[in-house]
Amino acid sequence: MFSFQCRGCGVQLMLEDHWAGKQGRCPHCRSVLELPLIGGPAFAAEPAPAGQPPPAAEPPVVIRAAGKIPVSPRRLLLVMAAAGMIVIGLALVLAVRGFRPAASDDSAQAPAGATEKGVSPEGDREAPQLAEGSSAVASGPKTPSGQPSGSGPSAAGSGGPSSKTGVGPGGLGPAAAGQAPLGAASQGLTGVSRQYDDLQCRLIQARHSIRIPPGATILEVDGVRLPVLHPERLAESPAPYLFLPPGTHAVSFRPNERPVTVTIASNLFDEYQDMRRFFGVGGTVRGEELMSRSARVMDCHGAPFLLSFAGSRYAATGDWGAAERKFRRALGVNPAFSPAHLNLAECLLRTSAEAEAAREIALADAFNVGNVFGLAGAVAEFRQRVTASTIAGPLDAAAISYVTTETPTEEDRRLVALLEGVSKYAVRDEERGKILNNLAVHFADTGRPELALYHFHQALAALRDADPGARYDVARQVLVNMSEVCRKAGFGEAEEYRQMSVSLTGATQSAESP
Amino acid sequence: MRLNNDKYQMQSAKWSDTFHFALCIFRFALKTSPMLCALFSGLEGSLAAERGAATAADLLPGEFGRIELGRRLVEPKAFPTIRELREAVRRPEIRTVLLFKLFSSGDNQHLPAWSGDGQRLAFQRSDLAGKSSTLLVFWSLAQPQPALVPDRPGAYQYMFRWAVNGPGGYGFVRIDPGSASSRVYVAADTEEPVCKTPDTARRELPALYRRADGIWRLVYREDGQLVHQAWNGGGPVERPLALGRGTSPRWSRDGYRLLFARERPGGGTAPAYDVVVRNLQTETDLVLPCGESAVRSPTWSPDEKHVAFYVRQPGEGKPWRIRVCPVEGRAPAITLGGDVVVNLNFESGGPAWEPSGRRVWFFSHEHRRQAYYPMIAADVASGQLAVVDYPARSTTPNDLAMHPTTAVPEIALVAHDGLPQDLFILLLNHY
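Going down the list, the protein sequences come from chains R and D. The first sequence lines up with residues 1 to 514 when you count with the numbering used here. The second sequence lines up with residues 1 to 431 when you count with the numbering used here.
Just chain R, with the same shape it has in the complex (with noise of 0.2 Å):
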């Protein structure tokens, strides 16, 4: 046991040793705390680049205070009643199935089940290959040539079998039939590794970029201003960061102040072609790793290079729309993300959307600050395929929504602004991400699908805080949501969330296990 003062409250918190050098919330005040290590320097995450601020370290997780907390009578009375019902069931099924061990790991990290044996060597045998010539659109740094064929089997639609675990009598209706299974397993996502999962994806991110601060007015590398209006609009993603190559800069987010000198230690180029590889983008790209770590922090992502490789693994699929979907979704993590802004334009040339297609590019090219990404050659031959009065003048932050293509009413925005609002207020996580999922429901009742998708994942955001033992049931009803939204609009991701709200049920098991 160690003791650690919460900064929020004051209160004094006596932890477990396992909690050293991690982040949770006060039980108190709920202030986020990053937990000194023991003995060890005060913080545990790996140390940010001069002149960056840390990292996010992993989903805060609720800290058991050691010491009293208030119960009512009735509450205990029922607590202990619940105790009582599940001591019964437990031994009712350890009587008719044998003990088996729980999983140990009840954190947000754990819902996909996932172990530590190392990266499934075989990777995603179903995923087809990418067509010749479609290597942009898997978000390489090689120059695009040609057009994906588009020739390979849909996610959708390809008979599979369903399964209706998971749906609640509260879902959209009953669970998809008749779709094919994204990777591997269709019952959890177990024998895959934790490499670049979004905790080491945010370090990445965090060691080769610098955060863009909520008060920035320009975004100045080395004394050459990228033509980016109101970049102060880009702070408010939840991951700001704008990438840099290797050396010492002097970065300025505000005329007349002093610029910032932040230092780049290694090339992400290299690191990022390593990620590419990995998750076989460009090739036979390994569906269940990507979906397995998304599982893991519930579809949420802190960093955008996972939502783009799953981007173009449907668009090596051919679905289109659905990898449109994910390289917005990147975009919508961190709009600095040049690959992204690529593929998304590939996206948009293929419905004749040449206008934002060459306004992606421009981006991808301003973004793509001393050819980071190796992407100089690609944007080159991207402006070629688009005509140049499309491409003018410096672009303005303040007018990009990665959010949906779908326009919401006076009606709507007054009741995104309400339960967003009110959301803010729930003491527990739980009970906001159920108020975010009954905005997207209303979305999704009113046939807004990309609407209701951006907000079923701001309530799975919510959840990811919320206390393990009622995190997982709200979660996987939200997903099961989330699954037949997709199914009702035809979009190819339905099977990827039927399949983490299975996942889910693991983890419900193992909150629950004593």
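Hints may contain errors.
Stretches of chain R that chain D covers, calculated by requiring three or more beta carbons in the stretch to come under 8 Å of a beta carbon on chain D [unchecked claim]:
1) 214-220
2) 257-271
3) 412-420
4) 425-439
It is worth saying that the hints were derived from the structure and are not from the lab. Idealized CB from N, CA, C, for every residue including glycine.
Knowing the structure of chain R, use the given hints to seat chain D on it.
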């Protein structure tokens, strides 16, 4: 009487027997557990399903019912469903959607203040027993209880101000017990506040600004003078600089303009003020027209194209009004009526602008019904006043703060729901 008593005893015996019988069945059920427990849980499940079915008609497919906000709802009593909310946002008139109590402690709460990003809420609490004042902060609005800003026992802490351009930074004033001087303290996020004015003087009304390059700038009032300080992690970057006699300084978002009330020369003990915008790069003052009125508490509009401040005609018992002056362009200044309820010491962040900058919101003494003061939304272009109803259970409201980003009115206010003054959050259906 006796008959009644016997009847009561018989009934008691009957209930006692029934209870005993039920207890026996329950014990038997536990002993013969697995199958009966499964049956019992199944029965409970079906009952729950039945209860859910009663509300299912109100819910959309996939919608969760029975949401527990963890706050005391004043109106309505239960969290609204999507169908109810849809109905609310369709209504043309501005109406209450939700009012709940965020904090009460038996003491009086005052002066709620939103951080620039709207993610944090600070307020002041009068400790009635200890005759002191403490500052409390909801660092996250999901906190069940606010955190106390570190203080000394018996100290009087007040005049909380969030930093401009630095959402977690803040400044405040502390008067230590037995001391005649007041000091300005500054802190970044949840760090320990640091005193920026250690020597003896009377300081008040801090205004804090954080530059993107890590430099902090602070302006405060020191014995009638406005004083400027700047520092970063390495220490002071500029020597303290006197900006002239004035009060109520407010930074612009770019950090190059300062809005304040400048004291007119020869004012004596009851000075008069002009409202000015000082450009710190060109060192020029733009004087905004306010006539001979008494002025207090100038505030930037969200787009910084207007300034609003409280004005009152000279003379006893005149009502406070709000004057809105354009900073750019040639639009005329406008004085909004309404007999505004003002904070007695003008320590609030008001007048309260809505995020679009279209209207200013306040409580009014006009048309009040005893302790129920109407809420007014005043259009700055036309001067038109709209009366907004809110639940009458919260009375004698004061110190209103509009959320800076939410697209519907999200209002922090203090009001009475009983003897002490508590902190409430009011959400309306639309602006």
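Hint by hint, here is what the structure shows:
Beta-carbon proximity to chain D at under 8 Å applies to 4 residues in the segment 214-220 of chain R; the threshold of 3 is reached and the given coverage holds. Counting residues of the segment 257-271 of chain R whose beta carbon lies closer than 8 Å to any beta carbon of chain D gives 4, which meets the minimum of three for the stated coverage. Given as covered by chain D, the segment 412-420 of chain R passes the check, having 8 residues with a CB less than 8 Å from a CB of that chain where 3 are the minimum. Restraint check on the segment 425-439 of chain R versus chain D: 12 residues with Cβ-Cβ distances below 8 Å, three needed, restraint holds.
Violated hints: none; the structure is consistent with every hint.
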